[in-house]
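*Asks:* Position chain B relative to chain A; hints supplied.
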Amino acid sequence: MGKQPDLLQGTLDMLILKSVSLEPMHGYGILLRIQQLSEGRLAIQQGSLYPALYRLEHRGLIKAEWGESDNNRKAKFYRLTAEGRRQLKAETDNWARLSEGVIGVLKAVPEKS
Amino acid sequence: MSWQARCTSLLKSALRRQRMEQDMDAEMRFHVTSYTEDLVRSGISRQEAERMARIEFGRLEPIKEDCRQARGLRLLDETMQDLRYAGRMLRKSPGFAAVAVLTLALGIGANTSIFSIVDAWILKPLPYPESSRLVSVFTADVKRNQVGSTSPADLYDWRQDNQAFETICAFSTPIFTLMRGDQPEQIVGSRVNAEFFQMLGVRPQLGRGFLAQEDQPGAEPVAMISHALWQSHFAAERGIVGKLISVNGRSTTIIGVLPASFHLPLMGRSNVWMPFAFSEDELKSRGLRYLDVIGRVKPGVPFTRAAGSLNAVARRLEQTYPATNKGKSVQLHTVQEEIGKQGGSEQALIIFWLVGCVLLIACVNVANLIVGRAVNRQREMSVRLAIGAGKARLLRQLLTENLVLFLCAAAVSVLFAVWGVRWIAQSIPHEVRQYLPNQGVLQVNSETLLYTLAIALVTGLLFGFAPAVHCWRIDISHNLKTGTSRISAHSGGTRLKNSLIVGEVSLALVVLVASGLLVNSLLRMYASDPGFNPNGLVTAQVVLSDAKYNTRARVTDFYSRLVEQMQSLPGVKSAAAVLLIPYSGSGNQTRYAIDGQQPAAPDELPLVRLDVTTPGYFAAMEIPLVRGRLLSEEDRQETLPVAVINQTMAQRHWLHDDPIGKRVRYGVNLKSMLTIVGVVKDTKGQNETDLAQPEIYVPHKQLPARSMRLVIRAGPGAGDLANGIRQATMAVDKEQAVAEIQTMDQMMEQMRAPLVVVGKITSFFAGLTLFLAALGIYGVMVYSVAARKQEFGIRMALGAARRDLVSLVVGQGLKLASIGMLIGLAGAFGVTRLLAFMLYQVSPTDATTFVCISLLFLAVAALACYLPARRASSVDPTIALRCE
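First to last, the protein sequences are chains A and B.
Reminder that position 106 of the first sequence reads as 106 in this note's numbering, one-by-one numbering, no gaps.
Reminder that position 848 of the second sequence reads as 961 in this note's numbering, one-by-one numbering, no gaps.
Just to be clear, a hint being listed does not mean it is correct.
Unchecked claim - Okay, derived cross-link-like pairs now, DSSO-like style, lysine-lysine, Cα gap no bigger than 27 Å in a straight line:
id, chain 1, residue 1, chain 2, residue 2
1, B, K902, B, K205
2, A, K74, A, K107
3, B, K775, A, K63
4, B, K686, B, K847
5, B, K411, A, K18
6, B, K928, B, K902
7, B, K177, A, K63
8, B, K205, B, K125
9, B, K411, B, K237
10, A, K74, B, K177
11, B, K439, B, K256
12, B, K504, B, K177
13, B, K397, B, K661
14, B, K237, B, K873
15, B, K125, A, K74
Said to hold, decoys possible - Not close to chain B: a few residues of chain A, all C-beta gaps over 12 Å, as computed:
id, residue
16, G40
17, R41
18, L42
19, R79
20, K89
21, D93
22, E100
23, K107
24, P110
In case anyone wonders, no lab produced these hints; they're calculated from the structure.
For each residue, glycine too, the CB sits at the ideal point set by N, CA and C.
Chain B with its partners taken away, still in its complex shape:
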């Protein structure tokens, strides 16, 4: 390839510059000497021959220069020269250089930090071989437009009857009770199909993976453990494989240790993996959907065909089992997409666009500074043009200067990026991080640095070019004749600056409005009433093993005694156990019908949240009773099945009626019946946005639940309850552990984390945006005021008051700002609906936010105009008039 030859030749000449110069010299000397000798041989005197040879060869220096140019060296020389000149120019005006580099570094650094998130969570492929073929498979409810988990029976039909997948595997993430010596411990584990790790392409670091028969009913229990658990619980002992541990009261063989690098965010921080042990009954169950499913599509099979293949199975199941499968189809997402979505890829993308705007704003500011300087350097440029520099040459030099500025900024920005990435990673709560790729660890790496360099070059070329082109239009003779470096207020420089500032203001408004909406959401979220009193509440999770707690009486007895034990702990005011606690993220719904009313078709029955509590729950949570009575210890298995409902449920069915004494049917085929005895106030549901859902509370003695959460209200000075809770549990059952002991506040923070993190980040950038925009307006006003000094002098001489001048300048600045604001508000109006999924009780076009942000911006803009205006008006007219 000839361009390769050219590059090598240029490189060789550049690196061995001296050698090349010597060669060139020797070669030409040889030519002249040879010619001289030929002339002497033809009879001309040596002196005359030497003279003739030199004349005919021509002047040496221009020829050499042509040779250098032929090698491409001239471009290199000139670029080096430009770089040196750029360095000198920047050193000569350190103020300009510092402001420009810092502004840009902030903008570029912000982008690098956010890009490192986008890169880690969205762009980087998963660490499994051919990970693009891994898909998450969901059972989709067509009518409700929801996707969800899958039942074991459906899973095995999908596995058998499709042609598009190599493997389809399910997993669930239950809590396991592990015995560590005689201390029970609850840890997050997973149940998986035997082929699960093979499907992902993950090999154990020690031991073996699961065998095909190990997820069949009746198989001996085996487990694989995480690298972390191997280190923390087994001292990284290499002989661990084959040892027995007690999981859920059964002795289980450890068969393998997974590598430290393995982490599937969809499983959270799972530490023990065991094969499914479905009973024959579970394998037949279709209605209970609790499995998450991942499949590996066969090579070369397109996504749509894979989905089609499973949907064909789903349609057949719909016809065969209408009771459970009517309206159920299948939806596929790539695993990468799914992990990204859980990790907040949508939020990250929104912030990515916002910081893009911040960078543009920073660039506009710097472009304005450059234009201002370029105008002041018109005389320098005119002189250089007049003495023969080409315009293209000058343009290239200005561009080089600007690129140097942007590249310096890129270097400084790395510091900001490192700091920013650390800040973002730290603001994500620990519990949330385990669901993030790479455990939420973010770093500035070679890819992000490459990105930094790329945006610095692109913005540098773009924003360095515009001001440089501006110099193109210089009128040499005019500038030299007038001998002035100033230009009139209406020249092209001002026009360019004004349009830049309008663009900047409109971008700033979009960023400000977006973050205003998010901050507004945050405020409303913290001000909203959760329906209970979270202060001083401590919660913990208890999971009873089904092998040991295999009768109703054992379960209810355990929880009744546990609550008693908790209540006797020092400092505890009240305690209770409950199936579903607000903000826990989990839900449990049942279809129901009002007794005495004609029920709807089976698949159109309404859904209600069904909660199971010990009687003291409402007192412990401080949920007020509205009418009727609360649940009591006397509501037992043999007494009338009763329920307390919430206000939303009461209003839905008995708006003008008393719900007390009314009966509700629920459960499979609506076989169970409840009598309503009381109405309590609403609380929040699974999370912050889960509001005003109908809910039914039933007493645990009438509907026992093995997994319950403890709620304990501590009085002042109760101290750390964690140990007390553990001991109280072991006092009831010495092999029973509790997990996730945390305060209600911590739980709420985890649920609020996405909005809080996004709100924090965007309000930081909003602050930066406001500052940069103000700086931009200020800069333009200072410049325009300086250019009109003489005009102000005349106005004052003619009797204008200082106040008139101030209002003249401020008015002019605000006019520009207002144009930008109008464009920005219109833009914001158009794009904020992209934020809707993050907003809490705030509409994307919330008028209050729009108005408040506009007023705030107007105030800041007025201040940015006022300061230069005041300075202009304080000039002595005689000095102003004389200074030209």
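In isolation and in its complexed conformation, chain A is listed as follows:
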């Protein structure tokens, strides 16, 4: 897999929450949605998606139901719970603050004496 940057610890959870907040979707769909939205800049180890989904479901942030996929197969669809919505909001705010901070540091230019 090319030269895409690794995901930061915990970022995957946030991306999953964001994806399922748009509409209920299955695991493969989430993977495609993240790749599409990030224009292929974020790579996710396909298998590692599932432990993350199970962890989020265990924490009550998402809920799974079996349903029909576009190609008429049985697939497990995940959707956001109220608890998950709160968590997503908190993590988004947190991320915004963090990235602003990081960008602020990186934009610094040498002071002229």
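*Replies:* Using the frame of chain A, we list chain B on its own:
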């Protein structure tokens, strides 16, 4: 709540394990298939697409395992695995498992049994609504630091003048004479204020409670009866309410039946309740204090304010009536506390701590066994560490194993507890049980079982953890390289074991010394001289009704004729009647002054036990005369008032003088006068510990008493006197009954019951403690001897004699034991004063007991060391040397 979500999710996954596995499989297959199809659509051959999809998804099994872990299933799986492994390990060494489980079960079972007492008598709230607001109120004597009963006049002042109580009610427990057909019967009853049951919050099962006017002077007599009496005397007839019965010769209306569940231990086994019928005179009397008082504090009023409110009244009464109330204040205890104290809650707590020690000792033994095993399993552990098991994982597994052991023991302990509780309940005399909550019935119930589980878990974690941590320090490479499962005698295992054994011995010494003191007390109690001959004595209680026996002559005539009747019964050697009999628990004191000496201030006058007897009392009891003469039939109302005193009284006032002919003033305002005519030996007083009190005996014709006890000395072969006593009484008065017909021995046993029961229980636990401690020392010595086999071989090869080896090992064991003993003796020295209230003529630091217990323990410890030492020394040196 998110932890709830987690628990449901874990539970769901655990219960529907197969379903979850299938779902997981289907979900991942769907992913791979979808991806494959997308790849095919983008122009890659199906075969290549399938291969790529599988590679990019990654290996299925580790991902699934991660998913399971995310659900918390991994912990569950591992725990199940640990449990199965623990079961296998225990089955593999049944000897170890049996010893450990039995030892622990004994310790836990002992604690469960004692806890069931503590729970029933101390912790469980009383069965009345808002029972925490119920308090026992006592008149307290500040100077003597005593609490006691209350007079009617004081009671009504308290009731009127305080703001802190909803109600204050009194009760007394007289004996009532009940006519059952034409058979008179005496039963324990109670007089109470009309609001008494309302205050407790108890409703009658049938009929009604007392009305406010029913405890006023001149009210028609009414009675409530107990459920038990309703069943035994009235065949549980529902139409009982409104019927008439004869109580104390007056016809009385039954107005209600109390529920079977009602039992107030403070009243004993009361079966009939009647409202007080105070006369105008009684309502004014302050000096005669005979009422027990219970009050219900208003909601939200703190205890201290309630006490303060009553004490304000008491201070006012002190000023208004100094003659009777000077130095009297009020003290409150909760009713629960008071019932517990009467039921032996203090004794129960002491035993509770002792069995706590027994459990710790049992735990130490098992911990030692576990350490011994853990050391033998070092190789197993090293291998498992070497092939990649985490240390935390191994620790958890060992802990699980130990917890399984403790939980098995808890299950077995329930058997011991059921048996123990039955044993304890049976060793409490029947007469004592009626003063206990729930009539002394003890059972193993859900609360006690919960307690069992709790102590098993706590001790299991505590004592299972220490040996498990020990494995933490394993040096893998060393153990694998040497390829040996043995360790040297000086490794950490031995150090841990040694300190455990020292702790165990010191705890054991505390338990042994405590029970030694109690047993010593018991021995002294049984060896002590009561001052009379109790063998073959039968006693009975007679209470004459004041309505019928309303003149002096009638009372004295009754008792004179009764004693005559008794003496004519076949097999009876002598008989008498007396107001206060030793061991009866009741007393009667009067203030007195020696005539001719300047009397002290009224409230500082000395007190003396004042007893009333028929003349034959001393002969019947076999109380020896020391000087002068005994009381005689000729001492009548119209002759000179005389008295016989006991030796303590004689020594107090006439150490160098002859008391005969001296005169004593006593009674209200010292108005009465007595002339001493004789001195007799001391007897015990109200109970076992009531010794050497001054006492005055006066003839019944000169100071008649309506309630007297009969003492009848039966000759050999007199048989059961109960019927004869009843008939003789009815021959004098056909409506008069006798109560409490029992032998003097039975009476003494009831008084001795608390110490006997506690002594029995503690000596059982002391035996157990000694056995466990010996077993503990033995176990450590066997282990240490086995570890030093090679060293002994070398010593013997170099010429050491068997005797040298034995003394080497025994000496070493005894050194450990001695350190423990010293700590234990010091500890015992510090804590045994908590036992002082139970001890009889034994000081809490009694040197004999301390020395005897130490010697006993030393002997047992020496034996426990000697057996393994002898085995070690009998090893053939060549075999010992070769075996490594």
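*Asks:* Under the criterion that the straight-line Cα-Cα distance not exceed 27 Å, is the pair K439(B), K256(B) satisfied?
*Replies:* holds, 10 Å
*Asks:* Beyond 12 Å from every chain B Cβ: check whether that's true for R41(A).
*Replies:* holds, 18 Å
*Asks:* When you look at the beta carbon of E100(A), is every beta carbon of chain B farther off than 12 Å?
*Replies:* Correct as stated: the minimum Cβ-Cβ distance to chain B is 29 Å, above 12 Å.
*Asks:* For K237(B) and K873(B), compute the direct alpha-carbon distance and say whether it is at most 27 Å.
*Replies:* Measuring from Cα to Cα gives roughly 25 Å; hence the hint holds.
*Asks:* Can the restraint linking K74(A) and K177(B) be considered satisfied, given a maximum Cα separation of 27 Å?
*Replies:* Given pair K74(A), K177(B) holds - Cα atoms ~19 Å apart, limit 27 Å.
*Asks:* Are the Cα positions of K902(B) and K205(B) separated by 27 Å at most?
*Replies:* holds, 25 Å
*Asks:* Does the structure keep K205(B) and K125(B) at a Cα separation of 27 Å or less?
*Replies:* Distance ~35 Å between K205(B) and K125(B) Cα, so the pair is violated.
*Asks:* Measure nothing beyond the straight line between the CA atoms of K177(B) and K63(A); if it is 27 Å or shorter, mark the hint as holding.
*Replies:* holds, 19 Å
*Asks:* Just want to verify: K107(A) was marked as not at the interface with chain B; is every Cβ pair farther apart than 12 Å?
*Replies:* Per Cβ check, K107(A) is outside 12 Å of chain B; nearest 37 Å; holds.
*Asks:* In terms of Cβ atoms, is chain B entirely out of 12 Å range of G40(A)?
*Replies:* Holds: least Cβ distance 14 Å, greater than 12 Å.
*Asks:* Given the hint that K411(B) pairs with K237(B), test it: the Cα-Cα distance must not exceed 27 Å.
*Replies:* Satisfied, since the Cα-Cα distance of roughly 22 Å is no more than 27 Å.
*Asks:* Given the hint that K125(B) pairs with K74(A), test it: the Cα-Cα distance must not exceed 27 Å.
*Replies:* Holds, at about 21 Å.
When held up to the earlier numbered hints, the structure conflicts with 2, 3, 5 and 8 and fits the remainder.
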